[in-house]
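J.: Following the hints, put chain X in place on chain V, whose structure we already have.
Residue numbers (our numbering), protein chains in the order written: chain V, 14 to 266; chain X, 937 to 1014.
Hints listed in this document are in silico derivations from the structure and should not be mistaken for laboratory results. Just to be clear, a hint being listed does not mean it is correct.
DEER-style ranges, computed between Cβ atoms [to be verified]:
1. V:K139 with X:G999: 51 to 59 Å
2. X:V981 with V:G75: 22 to 30 Å
3. V:K129 with X:A997: 54 to 62 Å
C-beta: ideal position from N, C-alpha, C; glycine also.
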Amino acid sequence: MDGIRNFQNHLLGSMPEPDWLLLEPHISFVDLPLKMPLESPNTPIESCFFPSEGIASVVSTGRNGKSIEVGLIGREGVTGSAAILGSTQSPDAIFMQVAGNGHQISIRHLKEAIRKSPGLSETLTKFIYSFMVQTSQTALVNGRATIDERLARWLLMAHDRVSAPNLHITHEFLSLMLGVRRPSVTDALHLLEGRGLIRSSRNEVVVRDRSGLEAAADWCYGVAEAEYNRVFGFYASTGTVSALSMLDGKLGG
Amino acid sequence: MTRYFFNVRSENTYISDAEGQEHADLGAAKEEAKIAAREMLAEAVKRGHHIDGRRFEITDASGTVCLTMPFRDVLRFS
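Chain V on its own, in the form it takes in the complex:
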């Protein structure tokens, strides 16, 4: 997919020039290091982030302090949906789970731009809708899938959002995100590795067989990706190819 401008973030790269010009005076390119908080629970949201590289994790937190990941946001999207939708804060936390970089703009300036451009408003709300579908699918798999399937799904979603097959991620992080004990993660990674789908070492998981991983994720992967394709107008030639993977020409398999 060719963007209009050479940005890795899909939303920024493909928006019409007049929309970009509304954002451009107020937007800056920043580093997004590992664990950097983008939003904290029940705290006013100050900025939206359009990641280029790296992955932001959206984590739902409960009153008792328990938490679980409900979604991933990378170069396909933008953070700050609670503020875009009219709230000032959210009980969710968003932080960088895979380090990267991207564009940052204050909520105030983004909302000013949204008021001036119905097209920009629609682009952002379409993304927020597609993210809702992602979190719905997370709820579904958390209730119905095995740990192995959920892990394969997570690895595919992360792989969609990075440029190389290496994911810099610890078993500890995966256990927090999936809501399982860390030894369960080690066990499930070992299973996937035994099937030749990944290579797992201390701080890294390398995807070796993308289509095999999709088979391992089975019904758990693909619906949210297809819906993102659909609302943004990508039509993949086969059901399992994700628009997210197409962003840098990397097809399934």
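T.: Chain X in isolation, oriented as in the chain V frame:
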């Protein structure tokens, strides 16, 4: 805090834990082993898999085995 490695041994395999996790002491590591064993057994039961024979072999950074805990120890029948 000490880093402990939660390796899993069964009849045919040995899954080594390259990452480990930190606990205040071996007692705390054992508590984690129990919770993890319950979860891993539950997954196996749900899928109709053979559940016997696996055990945690917890080592420290030097590779010394500090604790062995069969998964079946966490099953309570009364």
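J.: Decide, hint by hint, whether the structure agrees.
T.: For each hint, the structure was consulted:
Taken as a hint, the range 51 to 59 Å holds for the pair V:K139 and X:G999, whose Cβ atoms sit roughly 53 Å apart. About 27 Å separates the C-beta atoms of X:V981 and V:G75, a value consistent with the hinted range of 22 to 30 Å. Restraint check, V:K129 to X:A997: a C-beta distance of roughly 59 Å satisfies the suggested window 54 to 62 Å.
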